[in-house]
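Work out the full structure, taking the sequences as your base and the hints as a guide.
Sequences listed follow chains A and B, in order. Here the first sequence is numbered in my numbering, starting from 192 and rising by one per residue. Here the second sequence is numbered in my numbering, starting from 192 and rising by one per residue.
Keep in mind that a hint or two might mislead.
Any copy, or any two copies together, can satisfy a pair, since identical chains are not distinguished.
[Unchecked claim] Straight line, CA to CA, 30 angstroms or less: simulated DSS-like cross-link-like pairs of lysine-lysine:
| # | residue 1 | residue 2 |
| --- | --- | --- |
| 1 | 195 | 232 |
| 2 | 276 | 193 |
| 3 | 371 | 195 |
For the record, the hints were derived by calculation from the structure and aren't laboratory data.
Number of protein chains: 2
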Amino acid sequence: MKPKLEIVAGANAGRSRSHNRQVVLDFVRTAGQIGRAEIAKFSGLSTQAVSNIIADLQTDGLLLERGRLSSGRGLPAVQYALNPKGGYAFGFEVRPDALFVALLGLDGQCVFSRRMGLENTSPDHVRERIRVLQQTALDQSGIPANRTLGAGVVMPGPFGATGLSNRGSELQDWQDIDAKALFEDALGLSVHLENDANAAAMSEHFTGVAQRLKAYAYLYFGTGLGLGLVSNGRLMRGAFGNAGEIGHVMVQGNQGPIMLENAVSRLSAQTHLRDAGIHAASSEDLEALHAQSCPQLIDWIRATAVPLGNAVAIIENLFDPEVVILGGAMPEPILDQMIAVAALPERSVANRANRLQPRLIRGGSGRMTATLGAATLVISHTFTPQIAVQS
Amino acid sequence: MKPKLEIVAGANAGRSRSHNRQVVLDFVRTAGQIGRAEIAKFSGLSTQAVSNIIADLQTDGLLLERGRLSSGRGLPAVQYALNPKGGYAFGFEVRPDALFVALLGLDGQCVFSRRMGLENTSPDHVRERIRVLQQTALDQSGIPANRTLGAGVVMPGPFGATGLSNRGSELQDWQDIDAKALFEDALGLSVHLENDANAAAMSEHFTGVAQRLKAYAYLYFGTGLGLGLVSNGRLMRGAFGNAGEIGHVMVQGNQGPIMLENAVSRLSAQTHLRDAGIHAASSEDLEALHAQSCPQLIDWIRATAVPLGNAVAIIENLFDPEVVILGGAMPEPILDQMIAVAALPERSVANRANRLQPRLIRGGSGRMTATLGAATLVISHTFTPQIAVQS
DNA sequence: CTTGATAGTTCAACTTACTTGAGTTAATGC
DNA sequence: GCATTAACTCAAGTAAGTTGAACTATCAAG
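Here it is as structure tokens:
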């Protein structure tokens, strides 16, 4: 199997315009509110060009005028902001037992979300349920279908044939299926397929703690433990889309080497508790146990300190991120305590004196991270300027 | 310290043209020889546009006509190829004891190279010697200065303040210096500054074993052990340009955890040999020892099998490269044997059944890899299409 | 309270570089 | 041979950017 190489297309008037629209949108998004002259200055376009593009975007309903902002001398600049209702992005997450949906406005705010149980994860069943869920979301939110920009779909990786296929965590029956095509057909939208960790990582880039970061890593608690790597606003997927399989990396644990996932993951916590006779099937169970300071849970958290710290050091030395973010399907108080006790090795490129923030922080998107992240992929796509890159 | 974010500029006529020139050049480079219609088809430009651009590139001396190639019916397409003499790229490598230069044609072929001893690594001395070396290269090769496109300069990282600063391997007196500006001033050329591993990685992308790879990793034997990560033809530098500090990662060795650099690096080999009373200061020494099957050297190579294999697995699981390349300042027979004995763990995303090539291979650029790679950075820059990305 | 400086915005003319479509050239194959 | 095919060129057309002058609204100095 050969990975498809990215091909960069040539620029012509139409593609330039589309690129410039995205450039402008991206400036508005990052600034929150901004005037035309400022966009022109930063983008290297003339004010006239920016004016024309903004007029376009306004008639398309993507931008809103926000009055003039006076700052010193001169004509106060008319401010523009994203119209949250200018477009909506669907996010779907397929888990072994359930399907999740989130509908996000252009500003990244969630306007609708829901869970729907799955009887099985066969492609046919998932396909049928996802259509129902899409229709429900549109009906309940009252958003017209033609305002949806696309859909992101999150499924547990790794995709394709890998040396990890015997892990049993990925979905069955999907090995030989073109999932992207299936979902595009079912939803009638362009689809971005991604694994949970990557989606979660992008979610932090647009609405979370990673908004102005150049490069960061996201450690995601899902079925196992995943890693999303973002550099310059782009996901690092690797050659076959399976980058970030950190759960299977061997790290130094408390008693010798251990597979990271066996020390730091929800399953490892649940196994540890079960060995002590404590049942904790759901996140709610775990959160409750933590709230009552369950000693076995505290033990487990303490036991993650060394392997987690070593994993973070590996990530830091290999990718030099500004920060490593912890998040996913693990209650926030537990994540916070893991961060507090993590034994971060001193020997790391990240252990610099002039740091502006901690090396390890918690993500801000909560429990729906991956679903929200799926939708964020769509938003990212509409905001990321690029002269058409085909693959 | 905050990393500078990439800012994507808007497209206008001029920038579109320059982008398209690079698109065309890149197609010619990857194809070796190609006709206009084919470029048009792949780039999404009209044949007319491609024709105009090619005419431009030809008058600029970057392209050469190569006659018509008949393939089936129709007018045989005029073929174009890069003009190796169309432009030259300087590559410099600053090592603690010496300075290296390489001058590469557009096709990546080396037309001149030389070593020059350094008395010390003070910025003033390096600055003076690099000018001398530049002039020597121009004089001896007979290439006019105005045909040089730029210079790549390789220095041992990591750059800036990191948690690794006590390693002692980086150059002294350079901590507070804007090396890029210094070299640009000294050479009168635009300069790309990079660490050795990254430069070596790019070298394989243009002239070596990684020419059509989407993502790969390069394990570089230099002062220590470095890692260059390339994805879609772009280097992953991390937030502060220090990605790839794999030498300091703890891996499982033969007797418990060990810092990778202490098991797999030239220094570790030399230390191992010295403990046995064998002196091996240079690569030539090592190569000679290997040629005579020195048992202690063989021992050392065998001892790298486990830690190297584990390091490769970490890279594979985190980055999902098509292949991991081994190269740098280590004799090729030794690299080959290390590859042969490496204990690659089965548990890796890279251990897929349908692999087209081994997981671990040797780089093809030989001993000057980093210097050649430095020059390659310039070539990469002239071939990589991008609507101006400022930072 | 006027007036000059400053900065954002618009208008209209201009420019660049790509596209389009008709026409030309040089192969193949029946 | 002659129709077919494909690459290529020419000339006209078009989209989208730039440029520079004019206009507007605010601040600050006198």
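Query raised in the report: Between copies, within a copy, both or neither: which fits residue 371 and residue 195 at Cα up to 30 angstroms?
Result: within (15 angstroms within a copy, 35 angstroms between copies)
Requested in this report: First find the shortest C-alpha distance between residue 276 and residue 193 inside one copy, then the shortest across copies, and answer within, between, both or neither for a cut-off of 30 angstroms.
Outcome: Cα proximity of residue 276 and residue 193: none, with 41 angstroms in one copy and 33 angstroms across.
Report task. Classify it for me, residue 195 with residue 232: is the Cα-Cα distance of at most 30 angstroms met within a copy, between copies, both or neither? Result -> between (37 angstroms within a copy, 17 angstroms between copies)
Of the hints listed earlier, the one the structure fails to meet is number 2.
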